[in-house]
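Engineer: Dock chain B against chain A, hints included.
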Amino acid sequence: MGKEKKIHIVKSVIKHGLLLCVGFFWIYPFLWMISASFKGQNEFFQNRMGLIPVQPTIDNFIRIWQKADFGTYFINTIIVTAFSVIIVLIMTMMAGYAMGRYKFLGRNLCMAVFLASIAIPLVSTIIPTYEVVKGMNLVGTKLGLILSQAGGAHVIFLLLFTSFFQSVPNELEEASKIDGCNYFQTFFYIMMKLCKPVATTVVIMETIWAWNAFMLPLVLTLNNPSSRTLAVGLYAFKGENTVDWTGIAAGGSIAVIPVIILFVLMQKHFVEGIAGAVKS
Amino acid sequence: MTKTKYAVDAATRRIRFKRKLKLNLWCWMFMSLAVGFYILFQGYPIICSIQYSLLDWSGMTSNATFIGLQNYKELMHDELFWNAFINSFKYMVMIVPLELAVSLFLAYLLNDEKMKGRGLYRTMYFVPVVTTASVVGIIMIFILGVQGPVNHLLVTLHILKNPINFLGNAKYALPTLVIISLWKDCGTYMIYWLAGLQGVSKDVYEAATIDGANRRQTFFHIVLPLIAPTGGIIAILCAINSLKVFDIVKTMTEGGPYYATDVIATYVYRTAFSSEIGMPRLGYASAAALFFGGAVIIIGILLNAIKDRLQKNVQ
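Protein chains in written order, with my numbering: chain A, 35 to 314; chain B, 3 to 317.
In isolation and in its complexed conformation, chain A is listed as follows (with noise of 0.2 Å):
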């Protein structure tokens, strides 16, 4: 019996010491780009690996601050973000509340179309899409980011508010009729409150996927610095200035750790959506 226990730690021992090992390397890049960003230029070169450094200083931050526009870049990434996952959540909560619980002509079709879009990349579609940009005189503005950003499918979101309100019992949409509710007022008094831990994690992920896109903004900002993202913005700094790692480090910290902070406190809704859209 104790034999037996004594193998149990020594085993559970090891798996633990190899997770947490291989753990630190998984997140290594990110605490040697955060403290990086603290180094100075000499000490960056001198002390490579070290995790901690010597001298913490936090001029990096203030120089790509005001000289790089990264200040800019900030902002013009929180506006893209919170308006395109404002439309994004409106646009998918509603088509997945008729998909979800009618049966309408064209119905079937629909999800065939946005599920078949899965497979098309955003390259086949990015040329014309700047085109479609540019027909509507917003290339190089927010606004042309917010809206193609918001474009596309969403297939993962419609899937997940489809098969919540799938679920809804027919009861509570019966009740609300006789009360005298239309549709809409049924939609807006009581499906859009029930649906409120969907639509969380519809927010969560969008709010990260579109804080993280590249092609898109790098394609509608190149004639337009000003309206840049900080995805682009510190590719862009990168390709002018190649020597200023510290910098770098910094602007990939003001990139990175705003998504990394959201992800650890909200991370039950990130992960369970992913699960779920596997599941569906």
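Hints in this document: simulated from the structure, not taken from any laboratory.
Quantities reported herein were computed from a predicted structural model and do not represent experimental measurements.
We treat Cβ as the ideally placed atom computed from N, Cα and C, and that holds for glycine.
Take every hint as true, because none was put in to throw you off.
According to the in silico footprint, chain A covers these stretches of chain B (three or more CB under 8 Å from chain A):
#1 123–132
#2 151–160
#3 188–200
#4 258–270
Structural biologist: Below, chain B without anything else, positioned relative to chain A:
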């Protein structure tokens, strides 16, 4: 008698029709926003792509000439296009099995609900997923660079004599990208696998233990066949996603050195939007993007068919 019956029938039919019409109108109102955005930014662009691909057009000016299938003919003999096309598939073939195996291994380790620190580990392994791919790419240039921490460690430990330029060497560049993407996306697939593993009931594990199977036997002979259907879907998603790769490649190598890591997305981007190689060619780039999009869809359909066939055989 019959007359009134007909009248009643007609009336109920009319009411039913009206109700149906009303329902359809409401539903389409709810759908309108999603459908509108879809048409504007997905449907219409796809049709436009087809039109563009038949034009000789720089995109800078309005004078475009219709040249029929000339762009496609040229593509067939374009070495750089085929290089990018093959690289995309090389990348897929390398990353899919690795990604599936590593993420399944992690998921299996973390599947024990009573395990201490499970949440912490899950967070740690998931962090790369939520971070910006382009930013990660840029930071990795330095981490893997000749002066970066990885080479420093390998040289200090005497594993390497001289630092390796992982991204500057045509031989190592693509495998390096694969490793970085593997690490970056592993968390997503881990969560997919965990969702599949949670569908396996505890009784199965208990029964296996009673029958004297060890952990490895339980996994390969019992758990793996049970989660294989989910695995099929995960594999297809992984394959399709890997063919879409752009951010990491664009920021880490720009397709270089000497086009060794050029994938279709970077090829199309370069041809359509950058003027490093003369005038941009929107028409020609559209043809390349469409040709590739078609290939991805065909791969998707094929993989799905293979998955269904395998599932039937198992049953």
